[in-house]
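A.B. asks: Chain by chain, the residues run as shown.
Protein chains: 2
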Amino acid sequence: MYMAAVAVKEMPGLPDADLVTLSKVLMRVTARTVTALAAVPGYDQALRDGYALATDGVQRQEGMQFRVVGEIAAGSQMSQRLEAGSACRIMTGGMVPEGADQVVPQEECQVSGATVTVPADSLRRKNTFIEKKGSQIAKGEELVEAGTILQPEHLALLAATRHVEIEVYRRPRVGFFCTGSELVDAPGALRPGLKVSANGYLLNGLIRQFLAEPEDLGRVADRKGELARVFEKISAGNFDAMISTGGMGPGKYDLLEEAFVAAGGEILSRTLPMRPGQSTLIGRLDGKPFFGLPGPPGAVRTLMNEVVGPALLQMQGVREYQPVVARARLRERVELRRSDVLLVKAGMLSMTEDGQEVRLAGRLEPPTCFALFPPGREVYPSGSEVEVHLSWSPEVARLFRG
Amino acid sequence: MYMAAVAVKEMPGLPDADLVTLSKVLMRVTARTVTALAAVPGYDQALRDGYALATDGVQRQEGMQFRVVGEIAAGSQMSQRLEAGSACRIMTGGMVPEGADQVVPQEECQVSGATVTVPADSLRRKNTFIEKKGSQIAKGEELVEAGTILQPEHLALLAATRHVEIEVYRRPRVGFFCTGSELVDAPGALRPGLKVSANGYLLNGLIRQFLAEPEDLGRVADRKGELARVFEKISAGNFDAMISTGGMGPGKYDLLEEAFVAAGGEILSRTLPMRPGQSTLIGRLDGKPFFGLPGPPGAVRTLMNEVVGPALLQMQGVREYQPVVARARLRERVELRRSDVLLVKAGMLSMTEDGQEVRLAGRLEPPTCFALFPPGREVYPSGSEVEVHLSWSPEVARLFRG
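Chains A and B supply the protein sequences, listed in that same order.
Mapping the first sequence onto numbering that gives the first Met the number 0, position 109 (from 1) lands on 108, and the numbers just tick up by one.
Mapping the second sequence onto numbering that gives the first Met the number 0, position 179 (from 1) lands on 178, and the numbers just tick up by one.
For the record, the hints were derived by calculation from the structure and aren't laboratory data.
Please note that the accuracy of each hint is not assured.
No copy labels: a pair is met if it fits in one copy or bridges any two.
[What the hints assert, rightly or not] Quick list of in silico lysine-lysine cross-link-like pairs, BS3-like style, CA-CA up to 27 Å: (1) Lys251 / Lys132; (2) Lys125 / Lys223; (3) Lys232 / Lys23; (4) Lys125 / Lys251; (5) Lys287 / Lys223; (6) Lys251 / Lys131; (7) Lys223 / Lys132.
Work the whole structure out from these sequences, hints included.
C.D. replies: And the structure:
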C-alpha cells in the first residue's frame, strides 16, 4: 500500500470539475455528493392495469360496485378528485387520482357499462398496487458520494431524479514516451538489433483502464538531443501527468534522469523499496507528476498497477484510489532467488468456494493480480497465504470493496 | 445458465471480422487464433551494460584479459564475428555479436586502453546475461486464442511479435428504444403523470459494458403509430440486435408484441422461466435477435446480465459468453414471497478470506452480482449457500475464470 503513498505524496491538486451532460458521464468521477432533485416515483403510480377505486367510507361487501368516471393512461392525469364510490380505469405507471386509495387488477374486475364490480377479496387485499410518491427515492436523498466512478445504474438513478448535468472531474491527460535506440514503431522499420516497441501499447491500454486519457509522444532514441526534444513536446503539451519507459539503469546510455533534470524536472525519488521498481524515477515537471519507469514490459505492467495507476486515480478524485487488496493461498511452491526487498510478481487469482488462490502468471497471460512477497523470506510452500493486489478495473474494485 | 441458452438458441452467425490496426484493437474480440510472427527477443540480447566476451577455448584463469574490438549500443549491431579472446562493449538490449558467449556487467570489469580485464568469478558465473533469441516467445507460438477479448498486455505481446493488424469481430450495433407514454427524455418536458426515462441511460451503459455499440432510437409512446414508426427506423438501421423496454404486460396499452409482429417480427419466446423475465419477448426481426424487456429498470438490469448480455457476447464471438458463476453464502436471511419460479435478485458480493458472501443490493446500489433462488424454497437462513452470477465485465470474467 505504501508504494502509492511514495508516489503520490507530492500530488498536485485535483483537476478542474466540469458540468457534463448526463449522457456523457458514464465512468466519470463525481466531484461532489449528488442528491435527488425530485422524488421517485414523482407521483402515486399504479402498479397494475386495472381500476383505481375511491373506497373511502364504502362497505367492503361482496360484489361491491363502483361507477367508472374516467380513464388514465400512463402519461395522462385526471383533473378532478375521484369521489367515494367511483372508479377510474388506470394503466400500469399511470398517475393515481386524488381520492383513490386502491388499484385492483383488471382481471379481477367485471365491467358492465359504466359500472365495475370488484370482489370483496380484492377489496380486502393489503397490497393496494399503488406505489406512493417518493417511496423509492425521497427528494434530497443522497444518491452518489463524491469520488464515485459513475456506473450505468447511477445514470439511471440520476435521470429518474431529474438531473441533467453532473459535476465530474476532468480526466487527466497523460503524456507518455518509450526510450531505447533499439525501438521502432512498426515491423516495417526493423533491422538486425532493433525491436518493435511493446510498452507504448501497454501504456496506452493501461492509462485508459485507469480512466485517464493517454497521449503517445512516441519512441525516443537514447540520445540527449532526442530526449531534450521530447521534453520540449511535454512542456508544450501541458499534461496532467507524464510517463516514460526505459533509460533508467546505470548504463552508459541511460540518459533519462539527466534529460529530465535538464528540462527542469525535480526528482522526488530515484528508487522504490520494491522489485520491480528499484530503478524508477518519481519527480515533478512543471508542477505535474512524472514517472520514469524501467524498460521491461513486465516491470511497466507491475508499476502501473502499484504506483502510477493509483496516482492517476487519486489525481482524478477517485475516493478509493489505492490498490485493491486481497489475501490468497499460493497454489504452488514459490522459491525466490532473493529476498532483500519486497518482490511483486504477476499472478493469476482463482476464486474458489473457500477463498482465493493464486499462482504466478505465465509469460503470455495478462495477470489478474500481483502477489506481494515481503523481504526476509525466500521459500513459500504451496498453500502459504500471501497478500495480492488485484489488477485494477472499476468493476473489480467495486467487487472487492462492496 | 440456461437462460442464455433460451435467448441465443436462434442466434444469427457471427458478425464479419475485419483486419484492424493494432492500436485500435483494445477490448476487441479475436476472430482467430493468433501466433507469433517472430521470436522474442528477435536476437540474442544483452541483459546488462558491460562487455560481450568470446571466451571459446580461453582458460578461465584469474584476471583474464580480452581485447576490446568495438561497441554495440542498443539498436546497433556488429558486422563481423567476435574472435576468441576478444570483447565488445555492449549496452542492455544490445544485440550480442556472433562468437560472444557471455556478457559481464561493466562494474565487474577493469578497462585499460583497448584491454578489459574480467575476474575469474565473473567468467565462471552460470548466468551469461544473454537472453537467447526466442527464449521468451518462439516464432509460430500460439499467443491468443480465438474469441479472446484483447487486453493491454495482449497488445504488447502482439506488437513484440511483429503484428501490424489483427483480425477481430465487428462490434455488434444494438438499437434500443424505451416505450411508455409517461416517459420524457429530459426534466424540462415534465408534466404531472410524466417521468424522465431512466432505461435509456441504463441500456446505453450496459450495452457498452458488453462491448457492443448502442444506438438510442428514443422514447416511444404506447400508440400503434409511434411503435410502427420506431420499427421502420429499426429496419432502416440494419442493427445486429435490438432491445426494447416496456409495453410487455397484459395491459390495454401494452402494444409491443403486436407492433413487433406487424413489423414482420417472429416470436421465439414470450416468457422466461425466471422472475424478472416472465414478460420478456425474444424474437427475430430481419434475421436479427430482438429482446423485448419489461419496463422496470431493475428487471432491465437483471435481464441484461442474464440474457441479453450473454447473447451480445456470443454474437461477437466471445469464447466464454455465459454468465460468470460463483457460489456465495448469504449474509442475511432471505424470505421470498413466492417460489414458483427461479427468482433472480440483485446482490452485493463480498470477497472474504474464506469464500464469497452475498447480501441483497440496496435500492441505490449498482449490483455486483445477481443471486439465484430456484423454485420450491421460500426461506434461506443467513449462511445458506446460493449461486450468483457476477455483474459482467471483461475484467471480472477474467478474474473468475483465471
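A.B. asks: Could you tell me which of the numbered hints above are not met by this structure, giving the numbers in increasing order?
C.D. replies: Result: hints 2, 7 break, sorted rising.
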